[in-house]
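Required output: the full structure, derived from the provided sequences and hints.
Protein chains: 2
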Amino acid sequence: MIGHPGFRVEPWCLRETGLDLDVLAQSESVFALANGHLGWRGNLDEGEPHGLPGCYLNGVHESRPLPYAEVGYGYPEAGDTVINVTNGKLLRLLVDDEPFDVRYGTLRGHERVLDFRAGTLTRTAEWTSPAGRTVRVRSTRLVSLTQRAIAAVRYEVEALDGPARVVLQSELVANEELPAAEADPRAAAVLKAPLRPERHTADGARVLLAHRTANTGLLVVAGMDHVVGERAAPDQPAGPDHPLDASSGVATGTESRPDLGRFTVTTLLAPGERLVLTKYVGYGWSAARSLPGVAAQVEAALVAAGSTGWAGLLAEQRAYLDAFWDRADVEVHGDDEIQQAVRFALFHLLQAGARGEGRALAAKGLTGPGYDGHAFWDTEMFVLPVLDYAVPRAARQALQWRRDTLAVAEERAALLGLRGAVFPWRTIGGRECSAYWPAGTAAFHLNAGIAAAVLRYRDVTGDDEFAGGAGLDLLVATARMWRSLGCFDAGGRFRIDGVTGPDEYSAVADNNVYTNLMAGQNLRAAADGATDHPARAAELGVDAAEIEDWRRAAGAMTIPFDEALGVHPQSEGFTAHEVFDFAAFSTRRYPLLLHVPYFDLYRKQVVKQADLVLAMQLFPDEFTAAQKAANFAYYERLTVRDSSLSACTQAVLAAETGHLDLAYDYLGEAALMDLDDLEHNTRDGLHMASLAGSWTALVAGFGGLRQTGATPCFSPRLPAALTRLAFTVSLGERRLRVDVRPDAATYTLRAGESLTIRHNGEPHDLRAGEPRTLPVVLPPAAPAPGQPAGRAPARRTAGGVR
Amino acid sequence: MIGHPGFRVEPWCLRETGLDLDVLAQSESVFALANGHLGWRGNLDEGEPHGLPGCYLNGVHESRPLPYAEVGYGYPEAGDTVINVTNGKLLRLLVDDEPFDVRYGTLRGHERVLDFRAGTLTRTAEWTSPAGRTVRVRSTRLVSLTQRAIAAVRYEVEALDGPARVVLQSELVANEELPAAEADPRAAAVLKAPLRPERHTADGARVLLAHRTANTGLLVVAGMDHVVGERAAPDQPAGPDHPLDASSGVATGTESRPDLGRFTVTTLLAPGERLVLTKYVGYGWSAARSLPGVAAQVEAALVAAGSTGWAGLLAEQRAYLDAFWDRADVEVHGDDEIQQAVRFALFHLLQAGARGEGRALAAKGLTGPGYDGHAFWDTEMFVLPVLDYAVPRAARQALQWRRDTLAVAEERAALLGLRGAVFPWRTIGGRECSAYWPAGTAAFHLNAGIAAAVLRYRDVTGDDEFAGGAGLDLLVATARMWRSLGCFDAGGRFRIDGVTGPDEYSAVADNNVYTNLMAGQNLRAAADGATDHPARAAELGVDAAEIEDWRRAAGAMTIPFDEALGVHPQSEGFTAHEVFDFAAFSTRRYPLLLHVPYFDLYRKQVVKQADLVLAMQLFPDEFTAAQKAANFAYYERLTVRDSSLSACTQAVLAAETGHLDLAYDYLGEAALMDLDDLEHNTRDGLHMASLAGSWTALVAGFGGLRQTGATPCFSPRLPAALTRLAFTVSLGERRLRVDVRPDAATYTLRAGESLTIRHNGEPHDLRAGEPRTLPVVLPPAAPAPGQPAGRAPARRTAGGVR
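First to last, the sequence lines map onto chains A and B. Under this note's numbering, the first residue of the first sequence carries the number 1, and numbering increases by one thereafter. Under this note's numbering, the first residue of the second sequence carries the number 1001, and numbering increases by one thereafter.
The hints are simulated quantities; they were obtained by calculation from the structure and are not laboratory data. By construction, the Cβ of each residue, glycine as well, lies at the ideal position given by its N, Cα and C atoms. Some hints could be false.
[Claimed, not checked] Here are a few chain B residues that face chain A, going by a calculated C-beta distance under 8 Å:
1) PRO1067
2) TYR1068
3) GLY1079
4) GLU1273
5) TYR1436
6) TRP1437
7) ALA1442
8) ALA1470
9) ASP1510
10) PHE1582
11) ARG1588
12) PRO1591
13) HIS1595
14) TYR1598
15) PHE1599
16) TYR1602
[As the list claims (entries may be wrong)] Okay, the calculated beta carbon distance ranges per label pair:
17) A:ALA782 to B:ALA1564: 53 to 63 Å
18) B:ALA1564 to A:LEU415: 55 to 65 Å
19) A:GLY761 to B:ASP1562: 42 to 52 Å
[Claimed, not checked] Computed footprint of chain B on chain A, listed as stretches where at least three residues anywhere in the stretch have a Cβ under 8 Å from a Cβ of chain B:
20) 433-441
21) 503-515
What follows is the structure, encoded as structure tokens:
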């Protein structure tokens, strides 16, 4: 794990048993806590050392100008960048005047545990100060899934080998100094001091800091409140919260400055005595509301959290997660590392989406500033397919955010000379923030991805209310865009020229198969939705002629096929291009985009990430089995996976085309992207889409799940290393458990009305409490496809790399 | 002319009879003087008012960082920008304490004349000061074609209506304040105070200022020296130069500061008396030599110029131009405006290239800061084809500059993963300065353009010494690039994918016909050149196998053809794209690039500038007559001419395909691009390529000149409006005069050995002094092709627009 022997493989937590400062930044990402609204990176309580400090509020961003040496019409002039908001995590400790800093003195033990069921990050450290005094520190941190404005920390310090004078400073710090941004453009731009102070107050154990962002004018209020626990006796657990007065030997003080709030506790601990502090942190922000209003909201949240109490918050968190795991757990037998990884993934996906009400679900969630905090197409195409089955409310929220930004997308379409809406390639607030149009504006497929997500959410959850409301708005606006973007050719075929598909090593090509299939689906979905919801459609100005026009375009969609090679070209002409000379490249020169100019990548057959292969996953009925096999083998040898959005898709198609061990290898890559920092940028935050991909590789890959209507279809099959795969998917009120073993799969409808599924293409009716066991049919063995030189996935054995 | 009635149509000069400050900046460009080494914009002597002050030294530039919001591998990090060097033009006049400024007082008369035979800009102004004193000012300015470091001004002021105390300040000013750059990205970036003072000296009437550029470290020395003429009696011409001492009533003074040199003359003029001052200005610059060395060089140039004297400089200039016009004049009968325009064009082309020894010939020559002072592909493909016949030494110099930058181009190729050399899309010093690769790096055709220029220069001039030396180096380096850029497909055809042709409204397409034909010619030329010059070839490491490989690639070059439409697609797939909806655009929304995003232009059938049509001009034998007619008509309706590099080519093909009146319209557009400021950016400098295009439209269009080997071929034919077209072309030592009348053309070899020409395809031998008159054969009439809505060229009648 993260190349560090201190990480342990355990089924329900991520445990680090030592501290390696070389991977500190990565550990801060994997140990991040969030609830979709508020995110705290897993920085050490005392703030230093740090890799990258980070506290984020979903939607709070600053704007910065986008420079161009040669400007073009329609280029966005400014971009959104996530900012590090007021840090409420800080708890600085002085022991006999020596600051607790793991870089000095002697760290005798250090353990951190991210508990997927408790929803907490706990830390235990035993440290001897340079002056020779030893203390034990225990902290437990949570970002509440039930009280979205609230995070909390329980901090204990215990004197071990003699009396110790301890001073604990609990802080709020705004405008923390951040490390300089790396040259890698994928890392976020660091904005220095983005918060302008507006007000600071200190009252008892409570401090509030109010700031406003300079360009975007967003008001951000952070508050903290504290409860000092008793000086617990040795070997006794800390008791219930209650404040102590000074007479008990504990002195406290509070102060506030524009960028600093501080609550100080000091006492003299006898050996074996502990000082316990509970810190509640509340956040609020608004683009519209007043400072008194937002401040009051934060104080109310603090009062509510204090009233719930530390034990109450822990209990709520546990209950929330118990319900989640009951709905969404995946059990993997035969590979403990994958078992841990998929739960790690589901936990972080929940953290990213659970309480994102009205805001985007960013590519890095709220775990780091990578990609400037932007949301991309991977939300709809990689993350939501998991949330649909696991946290459907989060999926709906993410789509509602798209609907909320529709007006901005309509303006963008008008600027580009198109009808309907053009959603941004990357954004926080809704406007286009991509400064490189061949891999931004030209990637129109993201619009069809939003439509696909609406369709899929409806199919999986049965939520017709959304589908016929906000969902229909999205379907119609995107369908109108496609109709105006494409054209009928002389032969009556509908073409979409000059666009960029998912593969970012090709750009601005004609009739990208993925794009055209997605656009066709989008047009049909809008036609169907408008037919099903005529009143809303009429409000949107949709008439019968427009519906018919959409169907005609969808029905005439151009899907190029290379008869000579017997494969689908990713885009028209793709298979005629020179194959990239992979042999000339050492693996050290990947990702190629850092070593090869775009022009050379675009003109050759080299694939960054699944494109045609993703189309085969999403449109299983548009390709014959023979085409799938031929296409998969063809693209496999061209795909370098310089994107985290590829291994999971390759796993799914590898499994479908009978390459189960290869699928297993790709599962490993997808599942360990962040835990093993395979792309060397986990420091900037976790890859939500790749985390989702570990679920997809298992459930869609080895479970064979496909769903293009109300009926989930399975074709389960396990690689040799796995002895069992069991997972639960939610289908609205229904809970369906699928338990796959090498020879048979058992389907159990745990809750909800009876359901039809397909198993290997055959329909079966399920009733609650009546499990059905059906035989696994392994696909015929096929010759192993090749990969680009040096880019075959690491061969995986159960629990590790061969 | 420039929308101003004050401009006169005269055959041998450009005369402006009034001063309109609204077109001052444009007039500064058209009245610019230059010699290829040094350029002075036609700013008023007194400096103010000005549109855009400008003094340029070819090659003197500063470097500036190129910003990217999203950087990519291989993007250039810095760009070159031409800078305004020390201004030596300034002559400020005070009349009784009132500064002579045309904006104040009363301007009773103002005339400027650019004389194409004298090579001078003369100015006469009669002005009454706000205080009521009237003076006449006469100035004559030249930039010497014979003494490349030297410019000179003769300035006379005469009191007309009473005694006047006049003070004349002759200045050198460095780091002049420039107007802010416009938002139009095509205008140059303004660099504030680019010159760092190094030394300033004043001695008698001589002042020197030495500066150095900050980033590029170029030393720039400007010096001036003066001769004060006698107080000439009324109505007598000024006498020979001789200095006057103070006793004659004239007081002088000299001073210097870091950014200012000044020589002051003051006297009291009786009515009818004149003060005459002759100012010699010398420039020198170097990247390597010392300040004393360069300063001495400037002083030497000043001494030489002073020794030549004003009358001597005028005589040298006249003699130089007489020889030029004898070699290169074009007579147009029936359209005085075109007559004037083509001589204006030839004069400015001479000024741009005459003395450019070792430096680039920039797109704007030395007439303004447009395009940052960069040279582009148009030098080789539009300007040199004229200079080959008119100023062959300048053509050779421009190619030698390419050879001198070969090492930089080889480094660029290596960076891009290619063999040989990749020359920059835009540059001053030789490095790539284009920050937008789809219309920069991807426009590889420019490399073949350099090879074509080598080939053409050799064919026209017979200069085998250059062709087998520096020329061969260029041919081999570019051929190697093409061989590594392209590939053989499965069917054995040679493909070149993902490149941008001349049409900048398409980009990154496969098998652009122009590019592929040019690349094939490049490969063949390298093979032929290496075969003809085996020793040099061996030094370059060329062996028989490589030669054979080049020939094989050239022979298998892919040239797509659309059988259904019967036309060549500009690039593969082009004709399948949607045709741009021209009808939706008003003419006010041209150029399209300011109103339509690139992605939309690239994906549709819309052509910025001749691309396939240019290929038909350059490769007359690669297309049948029927194909030429069909292709011309097809592309005519798609071409919006948002570039100055289009009308001349369209004129040539319109003439060839029988649309003589349309060709005449395009001739008008090409010839008047700058004189009528058709693209609204003449203020930033003249379009050298379009100026060349006026010659091309006449000589290649109505003269029908094509030359792909040693034999010039003509197919003369006149539009109805022209009664006669006569031109001289130089072919090495030969002078061939072609005199075309409606029914017959007369070919006269005026000097040199006997020559074979072709007339309408048939060979004819010419001997000096034996004119041959041959019949004109008009092409069959063809139906008029259409143009995009609102983009038909202005219909031209003799001498103006219908």
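Hint-by-hint comparison with the structure:
1. The beta carbon of PRO1067 (chain B) is positioned within 8 Å of a beta carbon in chain A (closest approach about 4 Å), and the interface hint is therefore held.
2. The beta carbon of TYR1068 (chain B) is positioned within 8 Å of a beta carbon in chain A (closest approach about 7 Å), and the interface hint is therefore held.
3. For GLY1079 (chain B), the interface hint holds, since its Cβ comes within 8 Å of a Cβ in chain A; the closest pair sits about 7 Å apart.
4. With its C-beta approaching chain A no nearer than about 56 Å, GLU1273 (chain B) sits outside the 8 Å limit, and its interface hint is violated.
5. Given the 8 Å rule on beta carbons, the hint for TYR1436 (chain B) holds: about 4 Å separates it from the nearest Cβ of chain A.
6. The beta carbon of TRP1437 (chain B) comes within 6 Å of a beta carbon in chain A, closer than 8 Å, and the hint placing it at the interface holds.
7. This hint holds: ALA1442 (chain B) has a C-beta 5 Å from the nearest C-beta of chain A, less than the 8 Å allowed.
8. The beta carbon of ALA1470 (chain B) is not positioned within 8 Å of any beta carbon in chain A (closest approach about 28 Å), and the interface hint is therefore violated.
9. For ASP1510 (chain B), the interface hint holds, the least distance from its beta-carbon to any beta-carbon of chain A being 6 Å, beneath 8 Å.
10. For PHE1582 (chain B), the interface hint is violated, since its Cβ never comes within 8 Å of a Cβ in chain A; the closest pair sits about 13 Å apart.
11. Residue-level restraint check for ARG1588 (chain B) is violated (minimum Cβ-Cβ distance to chain A is 15 Å; threshold 8 Å).
12. With a least beta-carbon distance of about 10 Å to chain A, the hint placing PRO1591 (chain B) at the interface is violated under the 8 Å criterion.
13. Against a cut-off of 8 Å between C-beta atoms, the interface hint on HIS1595 (chain B) holds, since the closest Cβ of chain A lies about 6 Å away.
14. Annotation: interface hint on TYR1598 (chain B) holds; nearest CB of chain A at approximately 5 Å, less than 8 Å.
15. Checking PHE1599 (chain B) against chain A: minimum C-beta separation of about 5 Å stays under 8 Å; hint holds.
16. Interface restraint check for TYR1602 (chain B): the shortest CB-CB distance to chain A comes to about 5 Å, inside 8 Å, so the restraint holds.
17. At roughly 40 Å, the beta-carbon separation of ALA782 (chain A) and ALA1564 (chain B) lies outside the given 53 to 63 Å, and the hint is violated.
18. At about 35 Å, the CB distance of ALA1564 (chain B) to LEU415 (chain A) disagrees with the hint of 55 to 65 Å.
19. With their beta carbons about 44 Å apart, GLY761 (chain A) and ASP1562 (chain B) fall inside the hinted range of 42 to 52 Å.
20. Note: the stretch 433-441 of chain A has 6 residues with beta-carbon separation from chain B under 8 Å; the three-residue rule is met and the coverage holds.
21. Counting residues of the stretch 503-515 of chain A whose CB falls under 8 Å from any CB of chain B gives 3; the rule of at least 3 is met.
Taken one by one, the earlier hints fail for this structure at numbers 4, 8, 10, 11, 12, 17 and 18, listed in ascending order.
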